[in-house]
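Please build the complex by placing chain R on the supplied structure of chain Z, with the hints as guidance.
Residues per chain are reported as follows:
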Amino acid sequence: KAGVTQTPRYLIKTRGQQVTLSCSPISGHRSVSWYQQTPGQGLQFLFEYFSETQRNKGNFPGRFSGRQFSNSRSEMNVSTLELGDSALYLCASSLSRPARGDNEQFFGPGTRLTVL
Amino acid sequence: QQPVQSPQAVILREGEDAVINCSSSKALYSVHWYRQKHGEAPVFLMILLKGGEQKGHEKISASFNEKKQQSSLYLTASQLSYSGTYFCGTDPFSGAGSYQLTFGKGTKLSVIP
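Just so you know, the protein sequences line up as chains Z and R, in that order.
Quick note on the working numbering: the first sequence kicks off at 15 and runs consecutively.
Quick note on the working numbering: the second sequence kicks off at 144 and runs consecutively.
Here are a few chain Z residues that face chain R, going by a calculated C-beta distance under 10 Å:
| no. | residue |
| --- | --- |
| 1 | GLY17 |
| 2 | VAL18 |
| 3 | SER47 |
| 4 | GLY54 |
| 5 | LEU57 |
| 6 | GLN58 |
| 7 | PHE59 |
| 8 | GLU62 |
| 9 | LYS71 |
| 10 | GLY72 |
| 11 | LEU104 |
| 12 | ALA106 |
| 13 | GLN119 |
| 14 | PHE121 |
| 15 | GLY122 |
| 16 | PRO123 |
Below, in silico cross-link-like pairs of lysine-lysine (DSS-like), each with a Cα-Cα straight-line distance of 25 Å or less:
| no. | chain 1 | residue 1 | chain 2 | residue 2 |
| --- | --- | --- | --- | --- |
| 17 | Z | LYS71 | R | LYS193 |
| 18 | R | LYS198 | R | LYS180 |
| 19 | Z | LYS71 | R | LYS169 |
| 20 | R | LYS248 | Z | LYS71 |
Simulated from the structure, these hints should not be mistaken for laboratory data.
In this text the structure is predicted, and so the values were computed from the model without any measurement.
Quick reminder that beta carbons are idealized off the backbone N, C-alpha and C, glycines included.
Isolated chain Z, as found in the complex:
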């Protein structure tokens, strides 16, 4: 079974630009969560999508948005990029809602975003 895939793997942008990251979950998984990882901060929750609906959103500004398609693939968008947005963006999929029961999350390799 193929794992979680994320594209692109690396991205360099300049301040003010916008970026779209893509995540394809494991086949059959319906929940996709997005995390931002920076040195010293660990994994910070961005949002979770289930059945094409955003179910939870972390404490990030409105410049961060996302969506999920009917095939469970998800995209996240960051508009008006700032230097502080430089990070590894990870997506994780699970069979159903994460964090309850036996719904472990399977992480993708991440997209490394650098904002210059």
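Using the frame of chain Z, we list chain R on its own:
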């Protein structure tokens, strides 16, 4: 609110044991543990649920003290492959609706020969 992990970093020799702790200020429904090796994605290790149910890695053990809102991960007879950063993720007990994992900042474990 982000759970607090301790220690922040630990260095072990092969064969030694280690305990990683995760503490939350909120009542918890579950605690999840993940390990991330350098340059790789985090990998699931274990889930501990309120009420005592566990699911996870056969060679790793953990505990969940619901009253103290704490969890500990026990790594025994460490191997070089155990090196990495360990994250705990907590799901606060909020009745209905919240399925959001909040992760700690991680504990960096280095196992040396």
